[in-house]
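Asker: Listed below are the residues making up each chain.
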Amino acid sequence: MNLDYFQLIDRIVDLNLDEKKITVEAQVPAAHTIFEGHFPGFPIMPGVLLTEAMAQSSGWLLLGLLKFERMPFLAIVKEAKMRGFVSPGQLLTIEAKLEHEGSGFAVTKAKVRVGKELKCSAEITFGLAPFPDPALRVHMDAMANKIGFPLQAITHD
Amino acid sequence: MSSTFDQIANIIAETCDIPRDTIKPESHAIDDLGIDSLDFLDIAFAIDKAFGIKMPLEKWTQEVNDGKATTEQYFVLQNLADRIDELVAAKNAAPGA
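These protein sequence lines map, in sequence, to chains A and B. Using the working numbering, you'd call the opening residue of the first sequence number 95 and step up by one each time. Using the working numbering, you'd call the opening residue of the second sequence number 85 and step up by one each time.
To be clear, the hints were calculated from the coordinates, so they are not data collected in a lab. Some clues are possibly wrong.
To be verified - Here are some, though not all, of the chain B residues that point toward chain A, as calculated from beta-carbon distances under 10 Å: (1) L122; (2) D132; (3) K133; (4) K138; (5) L141; (6) W144.
What the hints assert, rightly or not - Quick list of simulated restraints, FRET-style, between CB atoms: (7) B:K143 - A:P123: 43 to 53 Å; (8) B:A153 - A:L245: 38 to 48 Å; (9) B:S86 - A:G209: 45 to 55 Å; (10) A:K210 - B:N149: 47 to 57 Å; (11) A:P123 - B:Q162: 50 to 60 Å; (12) A:Q101 - B:D169: 43 to 53 Å; (13) B:R104 - A:Q121: 41 to 51 Å; (14) A:E163 - B:T145: 10 to 20 Å; (15) A:F179 - B:R104: 32 to 42 Å; (16) A:F179 - B:K143: 44 to 54 Å; (17) A:K191 - B:R104: 26 to 36 Å.
Even glycine gets a Cβ: it sits at the ideal position worked out from N, Cα and C.
With these hints in hand, go ahead and build the complete structure from the sequences.
Answerer: This is the structure:
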């Protein structure tokens with residue numbers, strides 16, 4: 095997890111395009127300035143960052159389903175529930191599943207766990223748009239490689 | 085069973101917090117009800133789920149942008165209800181439906 099660059103996902107554990115779901119891991123850093131302010135004496139991962147982590151996990155799922163032909167952009171977050179505290183140094187396992195693919199949009203449901211304990215969940219809607227800049231596509235390819243996106247999953251049906 | 089118009093009016097009322105009695109068959113979703121693209125996306129999800137269809141929003145938008153259709157054809161609610169009925173009929177007529 096590289097909080098300074100808002101890159102929250104470390105590794106894709108499993109991408110199942112048939113079942114339209116993904117599992118990823120994200121290691122919360124043991125120390126970061128965010129935890130100095132949130133909160134002094136009781137450092138916990140901000141809910142907005144957990145929500146973003148669920149959105150990014152969903153985003154990788156959608157990129158796989160879309161074969162990187164369009165970029166998902168966060169549009170709506172519903173039912174975001176922070177069910178337990180996440181502390182520095184904990185390993186997050188995040189699952190996202192496609193709930194609905196509409197015309198120009200998609201809806202996922204995502205869950206964050208630490209071990210077996212459910213920490214948060216949400217229903218997330220994305221607008222699906224052509225890549226607005228070639229540089230973004232290049233960046234997403236590089237990120238996909240970095241986090242172990244299984245490109246073979248989208249190269250054959 | 086309630087009409088298609090009633091079902092989408094209820095969805096719009098709930099999704100956009102618009103009083104149900106102000107939503108009429110002749111209401112234009114954008115011009116009269118002030119529904120923006122983000123809210124419409126939410127409405128589309130609810131309609132797709134309720135009717136088991138995939139409203140072709142991108143195709144409709146393209147037709148409007150190309151001057152091949154008017155927004156009234158898709159966004160006046162009775163017309164939207166008619167389009168939905170057509171989509172449901174097409175789905176039910178499809179092989180394997």
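Asker: Hint says 44 to 54 Å; check whether the CB-CB distance for A:F179 and B:K143 agrees.
Answerer: holds, 46 Å
Asker: With 10 Å as the cut and Cβ atoms as the points, is B:K138 at the interface with chain A?
Answerer: holds, 6 Å
Asker: Indicate whether the distance between the beta carbons of B:A153 and A:L245 respects the range 38 to 48 Å.
Answerer: For B:A153 and A:L245 the Cβ distance comes to about 39 Å; the hint holds.
Asker: Okay, A:E163 versus B:T145 on CB: inside 10 to 20 Å?
Answerer: Because 18 Å falls inside the window, the suggested range holds.
Asker: Hint check: is the beta carbon of B:D132 less than 10 Å from a beta carbon of chain A?
Answerer: holds, 5 Å
Asker: Looking only at beta-carbon atoms, does the pair B:R104, A:Q121 fall within the given range of 41 to 51 Å?
Answerer: For A:Q121 against B:R104, whose Cβ atoms are near 48 Å apart, the range 41 to 51 Å holds.
Asker: Let me know if the C-beta of B:L122 comes in closer than 10 Å to any C-beta of chain A, holds or violated.
Answerer: Holds, about 6 Å.
Asker: Taking the beta carbons of A:F179 and B:R104, is their distance inside 32 to 42 Å?
Answerer: holds, 41 Å
Asker: With a cut-off of 10 Å on the beta carbons, see whether B:L141 makes it to chain A.
Answerer: holds, 4 Å
Asker: Lying within 43 to 53 Å: is that true of the beta-carbon distance A:Q101 to B:D169?
Answerer: With a Cβ separation near 46 Å, A:Q101 and B:D169 satisfy 43 to 53 Å, so the hint holds.
Asker: Please test the hint of 45 to 55 Å on the beta carbon pair from B:S86 and A:G209.
Answerer: Roughly 46 Å apart at Cβ, these two residues keep to the hinted range, so it holds.
Asker: Tell me if the beta carbons of B:K143 and A:P123 are separated by a distance inside 43 to 53 Å.
Answerer: holds, 45 Å
When held up to the earlier numbered hints, the structure conflicts with none and fits them all.
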